[in-house]
Amino acid sequence: GEDVEQSLFLSVREGDSSVINCTYTDSSSTYLYWYKQEPGAGLQLLTYIFSNMDMKQDQRLTVLLNKKDKHLSLRIADTQTGDSAIYFCAEIVGANNLFFGTGTRLTVIP
Amino acid sequence: EPEVTQTPSHQVTQMGQEVILRCVPISNHLYFYWYRQILGQKVEFLVSFYNNEISEKSEIFDDQFSVERPDGSNFTLKIRSTKLEDSAMYFCASCPGVAYNEQFFGPGTRLTVL
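Chains as they are written, first to last, in the numbering used here: chain Y, 1 to 110; chain Z, 1 to 114.
Because the hints were derived from the structure by calculation, they are not lab data.
Keep in mind that a hint or two might mislead.
Stated by the list, open to error - Some but not every residue of chain Z turned toward chain Y, in silico, with C-beta under 8 Å:
1) LYS42
2) VAL43
3) SER48
4) SER55
5) PHE65
6) GLU68
7) PHE91
8) CYS95
9) PHE105
10) GLY106
11) GLY108
C-beta atoms are modelled at their ideal positions from N, C-alpha and C, and glycine is treated no differently.
Just chain Y, same shape as in the assembly:
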């Protein structure tokens, strides 16, 4: 079955870059996503990448996809305290259902 793995915790200093990693198992996924969850809030789509791309940049966010290794990463440049949240990677399975990773709790230290 599907399995999406992430490290559970990441701490960075304000202004540094954060890199959140994810490995997934379903090689047929067409899209891979990064969602952000702030405390007590729902899931906010940050960015996504189509499976035939290697990289996507969107302002401070850079997504890298290594399809061979089934590895996805999210880099946040110039990390701010407002970036503190849980970050989930997710892949599409079935018709259009999201399969989420375990989530990485990012803590930004001022």
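Given chain Y's structure and the hints, the job is docking chain Z onto it.
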């Protein structure tokens, strides 16, 4: 900006009771979803709904669960006889179409079963 809304934000119930969680998806969206997140765990897919019927469901979505779109705007999740392990955050999501690549999530309903 249109958003998915969910009510109530927090529901407390006794084990064995029925609960109905309500969602108002974004109007003109066609696909609707329920996910749940047990405290400290990953977000899990429960069910997807399209054209007034269930498209897919996970093994979590057993006979205790049902979904309905009763009036063209609300999308509900019913749990017939709640168990302690149903305590979780339940998220509703909607999507304009299957080829679209974003599901819009509501803020969630926290269900606590005592």
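Hint check:
1. LYS42: 5 Å, holds
2. VAL43: Holds - the Cβ of VAL43 (chain Z) comes within 8 Å of chain Y, reaching about 4 Å at its closest.
3. SER48: 6 Å, holds
4. SER55: 6 Å, holds
5. PHE65: 15 Å, violated
6. GLU68: 19 Å, violated
7. PHE91: This hint holds: PHE91 (chain Z) lies near chain Y, its Cβ roughly 6 Å from the closest one there, short of 8 Å.
8. CYS95: 7 Å, holds
9. PHE105: 4 Å, holds
10. GLY106: 6 Å, holds
11. GLY108: Because about 5 Å separates GLY108 (chain Z) from the closest Cβ in chain Y, which is inside the 8 Å limit, the hint holds.
Checked against the numbered hints given earlier, this structure breaks hints 5, 6; the rest are met.
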